[in-house]
Amino acid sequence: MNKAEILVIGSGPAGLKASLSAADQGAGVTLVERDLFLGGQLVKQTHMFFGSREQYASERGFKIAEKLTAAVEEHPGVRVLKGAAALGYYDDNVVTLEMKGRVVPVSYDAMIMATGAQENTLMFPNCDLPGIYGAGAVQTLMNVYGVLPGKRVAMLGAGNIGVIVSYQLLQAGVEVPAIIEAAPEIGAYHVHASKVRRMGVPIYTSQTVVSAHGTDTLEKVIIVKLDGSWQPVPGTEKELDVDVLCIAVGLTPLTEILFQAGCEMAYIPELGGHVPRRSAVMETSVPNIYIAGDVSGIEEASAAMVEGTIAGLTAAFNLGYGRDSYDKKIAAANLELDALRKGPTGEKIRTGLQNLKRTVEVRQ
Amino acid sequence: MLKKTGVPTSGQVEAVKPSPERLAEGPVVIVECFQEIPCDPCYTACKRGGFLPFEDINDLPRMDFAKCNGCGICIGACPGLAVFVVDETYAEDKALLMIPWEFLPVPEEGSIVKGLNREGDVLADVEVKKVRSAGSHNQTSILTLIVPKKYAHDIRSIRVD
Amino acid sequence: MRIQVHPILEFKKGKKISFTYDGKTVEGYEGEPIAAALHAAGVRVLSHSRNFKRPRGFWCAIGNCSSCNMSVNGIPNVRTCVEPLQDGMIVETQQGKGVIGGVPGE
Ligand SMILES: Cc1cc2nc3c(=O)[nH]c(=O)nc-3n(C[C@H](O)[C@H](O)[C@H](O)COP(=O)(O)OP(=O)(O)OC[C@H]3O[C@@H](n4cnc5c(N)ncnc54)[C@H](O)[C@@H]3O)c2cc1C
Ligand code: SF4
Ligand code: SF4
Ligand code: FES
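Chains as they are written, first to last, in this note's numbering: chain L, 1 to 364; chain H, 1 to 161; chain S, 1 to 106.
Excised from the complex, chain L in its bound form (with noise of 0.2 Å):
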């Protein structure tokens, strides 16, 4: 059978940054990656990143994966394997991968997921209309293909990921004719929504889309005003002619194999979703299997770095490796984790930490 010491699975920032950390302590990685190329939701994003210098800020999202991905592939210590699904887990520590149309299983020491999030759907009559698409999706096919999604593009969520895409959906030469948002504020932070809202694009907050409309594919849909219960106010329907409309209401961690291999999950709102209870050095409850990014909850490639290099770091550790500058490092990155959720951005996410917590102690 296929053996790797350390298995790491999914390479956004976490799973890169997972493999690089514990490849330099002197473990051996696997890394797998379902797409053709590495680099996870980064290779998507045109632009400029926030957090501080140790997480590449003020450089754009699809540079930093190039740059990630060119240490991990020149690294002796870390194998790639793309176009590799992990599918399922089995006892004994071992992971079946799909590989051209084979299934092939590997066996590991230690395991890392970090196999990112999907998109939500949001439930409205036709909201299966061709069209309807999810923001990440539009992403990827104008950003990483070069395709156009459409040519009025309506986005359903100010969060960070409605207002960015939207930016970039003005950048590709698409018209935007408004961001519509269910509650009463915009999540995504405030300057990026200035930088679109200069741009004429309107961002109408307290709204939402009761219908979509069309034959084959979409072709308008109808907004509406929500009063202080989230109920939509009658007579202030509004049609809106688009021929996309982008859904981008929030992510779930992908967290499948975590259940299968009957990892402690905990239903947390804040972080996304059912996700898996941790140890304070990324370790779930079942032993050698550790996990970071967006799995872990839903937050920023800025922490999904640092999650990363916590995981490979002590994976490696718990191997024998790298026992001398753990402490050091892992202090380093703690340091870092810290800041980026100390500020009101990181409120949810500190929430959601504390209540994952809280049900384990009540549990116990």
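Keep in mind that a hint or two might mislead.
[Unchecked claim] Straight-line distance between alpha carbons at most 20 Å, and here's what the computed DMTMM-like set of lysine to aspartate or glutamate pairs gives: (1) Lys47(H) to Glu5(L); (2) Lys342(L) to Glu55(H); (3) Lys342(L) to Glu36(H); (4) Lys114(H) to Glu175(L); (5) Lys82(L) to Asp22(S); (6) Lys63(L) to Glu10(S); (7) Lys342(L) to Asp56(H); (8) Lys342(L) to Asp64(H).
If you are wondering where the hints come from, they were derived from the structure by calculation, not from laboratory data.
Since the structure of chain L is provided, determine the placement of chains H and S with the ligands on it from the hints.
Same frame as chain L, but now just chains H and S with the ligands:
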């Protein structure tokens, strides 16, 4: 309101504006960043001490306008595209305004474009004086615009028709 | 519809090739996902739902949701949003669950 529409209030904008005395001295930075987010490249980009040190990465930028010479380097470093430079000393009724620009077309030097306010409404025709790249590894362009002085603190974007 | 110029990105495209979609010849670039090539050619309906036969387009574009399943070279349930396009591929709108090895799925 910023939280509801993406447009800051005039109070917010006034609060980050350099003093009239400083504006009368020449080009100076204006940082329209009103929310504490984990971000500090503006501060690390400036080598002159125009930004006071961040104690925490979530701090709002705080300025030492006396140290700023309006070079505009920090404009291209800000992922929020929230940094501008204004020079009110350019002419009697015209000011220079530097803005970041990440769209096509990149306007030609000498061309006339529409100057837009923070809501995307057209305020005036403005002339593009200079176009420069924010750096060899940074595709953001920095445009220097000649704007009517009365709109120096209102125009924040352009439209190239 | 393809992006011709972009302020930030340059697109590296594969070789221009042709494939058939429901019997019609369509052009695309080698290696890009089948669904991307179809979308660029204006095809947005990729499949029909099983029970109510409602039109379906792609949704996630990263191989997660199966909204884009089509029959490719006679193999049903291929996620066209991630399957790389090759010269001469035969892409068809799939009926129902599709047919594997001549045995219908429903
Ligand atoms: C539009 C947008 C803008 C953003 N802007 C910012 C920003 O400015 N700053 C910031 O810090 N963050 C930003 N983020 C968030 C950031 O991109 C994510 O938080 C981050 O990418 C999460 O990293 P990850 O490694 O956990 O997951 P991902 O990047 O999602 O990577 C997961 C990888 O795992 C692979 N995978 C999944 N399942 C399997 C499997 N079974 N087998 C094999 N491989 C698998 C996937 O193909 C993928 O490559 C943004 C996100 C979006 C969508
Ligand atoms: S304009 Fe130049 S001197 Fe002024 S704050 Fe920015 S980088 Fe510093
Ligand atoms: S770089 Fe821009 S967004 Fe970040 S803190 Fe500075 S001004 Fe604000
Ligand atoms: S669109 Fe989701 S799998 Fe293809």
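Each hint, compared with the structure:
1. Proposed proximity of Lys47(H) and Glu5(L) is contradicted: the alpha carbons are some 45 Å apart, above 20 Å.
2. Proximity of Lys342(L) to Glu55(H) is assessed by CA-CA distance (about 12 Å); at most 20 Å being required, the pair is judged to hold.
3. Our distance criterion of 20 Å between C-alpha atoms is met by Lys342(L) and Glu36(H), whose separation comes to about 10 Å.
4. Our distance criterion of 20 Å between C-alpha atoms is met by Lys114(H) and Glu175(L), whose separation comes to about 18 Å.
5. For the hint pairing Lys82(L) with Asp22(S), the CA-to-CA distance comes to about 31 Å; that exceeds 20 Å, so the pair is violated.
6. A threshold of 20 Å between alpha carbons decides the hint, and for Lys63(L) with Glu10(S) the separation of about 12 Å falls inside it, so the pair holds.
7. The hinted pair formed by Lys342(L) and Asp56(H) meets the criterion: a straight-line CA distance of about 9 Å does not exceed 20 Å.
8. For the hint linking Lys342(L) to Asp64(H), the alpha-carbon distance of about 25 Å lies beyond 20 Å, and the restraint is violated.
Hints 1, 5, 8, counting from the list given before, are not met by this structure.
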